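Required output: the full structure, derived from the provided sequences and hints.
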Amino acid sequence: MFDAIAIKYTFQGLLIYIAIATYLSAFFATLLGGKKTGQVFFITGFAVSVIAFCYRWYDVRHVPFQNMFEVFLGMAMMVWPLSIFCRRVLKISDDAADMMIGVILLFPTGFIFHAEPQKLPPALQSWLFIPHVAVYLLSYVIMAKAAVRAFRQLKCNIAGISENIVGYEEGTYRLTCFGFPLLTLGLILGSWWGQLAWGDYWGWDPKELWSLVSWLIYVGYFHFRYMFGKKYARINSAFAILGIAAILITLLWVNLSNIFLGLHSYAT
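The opening position of the sequence shown corresponds to residue 1 in the numbering used here, with each subsequent residue numbered one higher.
It should be emphasised that the hints constitute simulated quantities derived from the structure, not laboratory data. Since the model is a prediction, treat every value here as computed from it, not as a measurement. Heads up, the beta-carbon is just placed ideally off N, CA and C, and yes, glycines get one too. One or more of the hints may lead you astray.
Stated by the list, open to error - Once the Cα atoms are required to be at most 30 Å apart in a straight line, the calculated DSBU-like pairs of lysine-lysine come out as: (1) 8 x 119; (2) 91 x 231; (3) 155 x 230; (4) 91 x 230; (5) 35 x 91; (6) 155 x 91.
Said to hold, decoys possible - Pairwise CB distance ranges (calculated): (7) 93 x 131: 27 to 33 Å; (8) 192 x 47: 32 to 38 Å; (9) 32 x 231: 34 to 40 Å.
Here is the structure:
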């Protein structure tokens with residue numbers, strides 16, 4: 001599934017490296033004050049990642065959501081549209097952070113995970129394959145954005161920059177409200193798919209359990225915030241960071257570790 005460092009000397013690899021370079025250029029341009037230039041690079045990186053995704057789709061002859069290489073490529077493609085949506089609808093602007101998220105998501109596709117085409121196993125040949133995976137990946141990127149804002153809220157609180165604390169905390173809340181229904185829908189679709197594929201809505205598989213743990217952490221976030229509002233903003237942010245930690249375990253450790261072997265494991 002992955003190597004320590006593996007350069008991909010293919011057209012697919014070239015597209016990924018160009019996308020990484022443009023996202024990085026967008027990040028540094030934005031940090032240096034060139035917001036318009038950064039946006040040009042950001043849009044270019046998105047366009048190249050879409051081309052890479054579509055090329056992968058053509059190469060494997062199915063929607064590329066099967067393995068970790070394809071999953072991270074798909075998430076990287078979602079970053080720019082989500083950034084635009086959050087800025088215009090949710091009134092949240094984290095351009096530089098979004099650009100770096102794109103780099104972080106593309107790095108494993110370019111340097112770690114294998115890219116050899118694979119046939120879909122029978123269990124994945126379902127109409128639920130695309131919506132189940134897509135809503136989960138979308139929710140993961142949104143919750144990653146929420147965790148970034150939560151971390152910045154904690155940092156600002158420590159530094160005493162009081163005028164920014166409410167904005168970061170409110171932004172975390174809006175992003176979590178946006179991502180949580182998608183996370184819930186992914187859990188429901190997964191249960192439905194499990195019933196169709198294996199005859200049971202819930203099999204106590206490690207991936208299912210950690211998906212539930214992630215969901216319950218965000219339930220705890222909403223409950224705590226409802227009970228105490230912004231009175232304990234640092235605890236609210238800690239919940240959001242704990243949530244993305246559980247998502248990382250669900251996405252990476254459960255899929256790749258030999259500790260959590262199950263129906264969803266890619267370890268073998």
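Hint-by-hint comparison with the structure:
Straight-line distance between C-alpha atoms of residue 8 and residue 119 comes to about 20 Å, which keeps the hinted pair within the 30 Å bound. The hinted pair formed by residue 91 and residue 231 meets the criterion: a straight-line CA distance of about 22 Å does not exceed 30 Å. With a CA separation close to 16 Å, the supplied pair residue 155 and residue 230 stays within the 30 Å bound. Taking the CA atoms of residue 91 and residue 230, the gap is about 19 Å. The hint holds against a cut of 30 Å.
A threshold of 30 Å between alpha carbons decides the hint, and for residue 35 with residue 91 the separation of about 17 Å falls inside it, so the pair holds. The suggested pairing of residue 155 with residue 91 holds, with an alpha-carbon distance near 21 Å, which does not exceed 30 Å. In this structure the supplied range 27 to 33 Å holds for residue 93 paired with residue 131, their Cβ-Cβ distance being about 29 Å. In this structure the hint that residue 192 and residue 47 lie 32 to 38 Å apart at CB holds, the actual value being about 34 Å.
Distance hint check for residue 32 and residue 231: the Cβ-Cβ separation is about 38 Å, which falls inside the suggested range of 34 to 40 Å.
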